[in-house]
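2 protein chains.
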Amino acid sequence: MIIDWTIAPITASISILVAVYLYFYISKQSSGTEKMQEIADAIQEGARAFLKVEFKYLAVFVAVIAVILTFVPMVADIGLSSLMGIAFVFGSICSAVAGVLGMTVALKANVRSANAAKQGLNKAFPIAFRGGAVMGLAVVGLALLGLSVVYALTGDPEIVLGFSFGASAMALFAKIGGGIYTKTADVGADLVGKVEMDIPEDDPRNPGVIADNVGDNVGDVAGMGADLFDSYVASIVAVMILGVALSNLASYASISFVDVPLVFAGLGIVASILGVAIVRVGKNGNPGTALNIGTYLTCIMFALITLGATCYLDINIGVWASAVIGLVGGVIIGITTDYFTSIDKSPVIKTAEASQTGTAVNIITGFSYGLLSMFPALLGIAFASIGAYTVAEYFIEAEGAGVYGIGMAAVGMLSIVGMIVAGDAFGPISDNAGGIAEQAGLDEEVLDITAKLDAAGNTSKAITKGFAIGAAGLTVIALLAAFQAIVQAETGVTINFDLMDPLVLTGALIGIAIPAVFSALVMLSVGKNAFVMIEEIRRQFREIPGLKEGKEGVKADYASCVDIATKGALKELILPSVLSISITLAVGFIGGIQALGGYLAGSIFSGLIFALLMSNAGGLWDNAKKYVEAGALGGKGSDTHKATVVGDTVGDPFKDTAGPSLNTLITVMSLVASVFAPTIVLYALL
Amino acid sequence: MIIDWTIAPITASISILVAVYLYFYISKQSSGTEKMQEIADAIQEGARAFLKVEFKYLAVFVAVIAVILTFVPMVADIGLSSLMGIAFVFGSICSAVAGVLGMTVALKANVRSANAAKQGLNKAFPIAFRGGAVMGLAVVGLALLGLSVVYALTGDPEIVLGFSFGASAMALFAKIGGGIYTKTADVGADLVGKVEMDIPEDDPRNPGVIADNVGDNVGDVAGMGADLFDSYVASIVAVMILGVALSNLASYASISFVDVPLVFAGLGIVASILGVAIVRVGKNGNPGTALNIGTYLTCIMFALITLGATCYLDINIGVWASAVIGLVGGVIIGITTDYFTSIDKSPVIKTAEASQTGTAVNIITGFSYGLLSMFPALLGIAFASIGAYTVAEYFIEAEGAGVYGIGMAAVGMLSIVGMIVAGDAFGPISDNAGGIAEQAGLDEEVLDITAKLDAAGNTSKAITKGFAIGAAGLTVIALLAAFQAIVQAETGVTINFDLMDPLVLTGALIGIAIPAVFSALVMLSVGKNAFVMIEEIRRQFREIPGLKEGKEGVKADYASCVDIATKGALKELILPSVLSISITLAVGFIGGIQALGGYLAGSIFSGLIFALLMSNAGGLWDNAKKYVEAGALGGKGSDTHKATVVGDTVGDPFKDTAGPSLNTLITVMSLVASVFAPTIVLYALL
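These protein sequences, in sequence, are chains A and B. So for the first sequence, our numbering puts the first residue at 1; every next one is plus one. So for the second sequence, our numbering puts the first residue at 1; every next one is plus one.
Same shape as in the complex, but just chain A (with noise of 0.2 Å):
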């Protein structure tokens, strides 16, 4: 056998080495003006003071959940379950490695992308999509081949699990600061400088400009990373979970079933460095159209390179047609999706002509189409767990065969993340590229050109966030369906998911509760820490003379704006995460593991009903703004602009702050559950 499962660890290695190397590539570039570098390294700055105060909280908090792990006993071998913590502590490292890594090349790529503006727009996007690059491979590469030493050092997929939770705590933790980070910088700055001063955005005289380009960083760039690096991993561990249940029953496939997963995911990596190569776009070429070219191209090649290795390997096609029904239901989902957030769509038209009778009308019809828009991606996510359940139970004729193609379903859907956060990252990329632009006051002609980069990122968002949230989707559900089996091969209980079980049915009614509550809990920081931004940049305004009127010399104090960005994420991101892990474990010592069964159930139902809601409505009610700004209905200043200003601001911290974050909620509470599984039934209260 020439290829086994190792050719995951080579090709994410090998996904590293490009991604250092573009790294080099964007280093090489010039950074333009004096000014335009003084400005990045004020973001840099803010963005690194972030990373490691966030890091010094997650040290302690990764540290406290080591201990527990390593001496409570958590699976059946005493032996392995030491190993345990080592491994969540070595999850965490990669996926803060990854992140640190990706952002300071976004960092870096920003300056870089705005300086070669001034060339044309394909001089500009190679940089800035490269960048994104960076963060897309050091993610699919270090969350393979650390997934992958863990496996091969211990044998056992379910230590391979403390290495998943380990990515998801420092998931947890970028997700919810960055979250809260970006949007409190975003609304503090919006609401004083756009609507109450009327200044426009980016403006060097805001305060709050600066925390805001880092808010782009923190949040958009390092916690969608970090998110990505955890769905990644948590999909390709639960199916290895379920292989091993499977591979007992029918392996008369060359490579185990607890294999499989790595073999596509390896494959997958080939796909997306043969995706980030092709991309390209010429002089007056549409940026959005060629990453959306790039990626369906990925697809393509993936499909293919994995049905050769199917035939090669002798691996059941079974499993090669659930991982493409996964990657064909990202795509509907993402399409569909599109539809209700696109600016030339029926929802965000009918949504800024509503506003024409007010800001009411304008929240009420945009969490209106929020809420329709769950159908299309729910249906998305329902058709592809019945289509790759029913194949792979066709074609393996095992029990337990269905389950897994759910899960291979997720791994295939997930195989070209390092593509979809490419792209994704390009977004924020281009975003901070504009500001620097603005603030630098370089011509128009680039600042258009900037701004083409910064809607392509958002056309790309849409389509890579249908795939996210599919694929989060899926993997929850695999990720529960590993839970069953961990509790059935370690102890031989059966968790049967009946909602007439008392227990279950109350652990269901407290696990809906939960998605609400950390949505509440997130938002609220966001507007508690807006509160306290607004007054500051309010105050800056108010004694600063020449402030406002932009006079030569007079600079606001944009550190202050970081500091308070600062700590008021990192001090609120405590409570929410404490929360999650502590109440999960409560159900489940309190209500035992059928309880914790339909808490978890009950959590990835209206954990995907609200990260869809605010999403989509977030998403939605920015393109109703822009639809205004572009001119429609009155256009920029008009009282129906003003309400969807408003619609906007509303709409920032569910899409940027609590929907994302929920995706990464639900796998930290499955992970949490599966890890302690074995110890729960063992000391249950009930």
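Wrong hints could be hidden among the right ones.
Copies of one chain are not kept apart here, so a pair can be met inside one copy or by any two copies together.
[Unchecked claim] Keeping only pairs whose Cα atoms sit at most 27 Å apart, straight-line, the calculated DSSO-like set for lysine-lysine is:
id	residue 1	residue 2
1	Lys283	Lys528
2	Lys350	Lys571
3	Lys283	Lys636
4	Lys350	Lys567
5	Lys528	Lys345
Simulated from the structure, these hints should not be mistaken for laboratory data.
Guided by the hints, dock chain B onto chain A, whose structure is given.
Showing chain B alone in chain A's frame:
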């Protein structure tokens, strides 16, 4: 045996007689000046016109379903099956009669209460409250009498399901139609009148004022009555069906488990009649406290009376304990819900304070507290279910006793529905009394008294709303168990609700989307109709000279606004009503009975989430506005006030259209599933 289940029709008849007596008591009171009568007549006319058209639509809808129910075999016994259609029609008629009677008396009580307010609070209060009591007693009386008749004639609880389904169909129309109507009028009248023209609420110059008052009656009185009629019947029927299986296993009680819920419901009516008789208030008393004390006393009386009956009839004590746990759960849910919406508690005050930073922060903060508010309510439902399950299981010692206990908890919560509806209908009657007093130009003193009554209505509403939501939650859980029991009994198929079954999972993923889609449709309808209404009100102010200035003899064209609200509401109720039934049938006939089980479970979870979120967030925004209007944070006219007005307007369709319709929606879906279950098992595609 002196007492058996026939106590139900006996007390139900007494309840109807008391309602008729109170009707004449109210009719006898003076309806004040000519001006007042004129206004009251206009409201009455508008409400009647709406009901007339609504009933026409309903008749077509009922006829179609009745034909299907009659000719498609719904139960194994074909002879009985044809009775299903008749029971269905009978159920919708009973509910309609209760609604018409309740609304007729509400329309008399409003103007008479306003007139009596000239002589003091202690004269106005009993008229408004007894007006509400007519609705309350008519609802429980007609519901229980109708149900008993069907049961007496057929002896088959499954046919009683048809009666329940008929009541639900009526409720669906009444809630959606009334909900859209009331908010179309309210939003329209408020946005133009209060915000744009700066004239007070209920000002006769506002062309939308009569439509707004009509809305209170068709939405809050008739809609709410139909809603609780529906839940009340459904909970009793569900327990009767669960009792069938249980009676075979544990029949040592002297009265069958099928009949017990009827006995408890009958005794609940006794407690409610006593409760209604007790409530009174002194000249300077607090009507809110009087209402709450009345509710608590009714609960205590119910617990004592049923304890006596349980001992006397030798009913298993576990049944009584379950019912009382339900009742206590209802009170706890009410009190905790009250915390999140009370004007003097932290969530409302913090939302008002956050509004100083602008409208967007008001929305974000209120929405977040709405999310948080789910937690105690869901915990309350969870603990009521597990508590009732445990005691029932412990004392009855037979399979199926646990879910029977959950059903009895729902019956317990709903047993005092007569009192709850009385307190609830009191609110819109007082609201209308205030409106009439304002429009007729009565003295400030009189307005003060009607305002006090209105505020009391809001206080009591919080507690009773807790009951309604908690009871709906338990009822649909009981219905889900009844669905399982019917499928088991009729076809031998066991439904397991196992999420790892792909059909169950797919069903659940679709099910969780339905309440969201439904809410979106009805809220978009409000937005759409309000738009038309706003244009019309603006047109009148523009085109009728002297209207804004209140020139003598100049009158607004109220009828055209009433017409817009009526036509819009009725046109818009068709799509969501038809969808909710047809998607349920589509899932069943395509995906089969297991998919339908998952679908119902999913819809229950998501329905509970959105019902709690929308009702509570809406109530909170309302009171945040009132908090500012009472003089805090700059008071009326300040920017903070404007922000809270927008929040209140957003909350209007949340709390009065979408939120409360969801109870009805999930009940209808459960009933459709249960009624069609045997047919689905025979003809499903998968």
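Verification of the hints:
For the homomeric pair Lys283 and Lys528, neither the shortest alpha-carbon distance inside one copy (45 Å) nor that between copies (45 Å) is at most 27 Å. For the homomeric pair Lys350 and Lys571, the shortest alpha-carbon distance between copies (20 Å) is at most 27 Å, but the shortest distance inside one copy (39 Å) is not. For the identical chains of this complex, Lys283 and Lys636 are neighbours neither inside a copy (30 Å) nor across copies (57 Å), given an alpha-carbon limit of 27 Å. Proximity of Lys350 to Lys567 under the C-alpha cut-off of 27 Å is restricted to the inter-copy arrangement: shortest distance 22 Å between copies versus 39 Å within a copy.
Proximity of Lys528 to Lys345 under the C-alpha cut-off of 27 Å is restricted to the inter-copy arrangement: shortest distance 18 Å between copies versus 34 Å within a copy.
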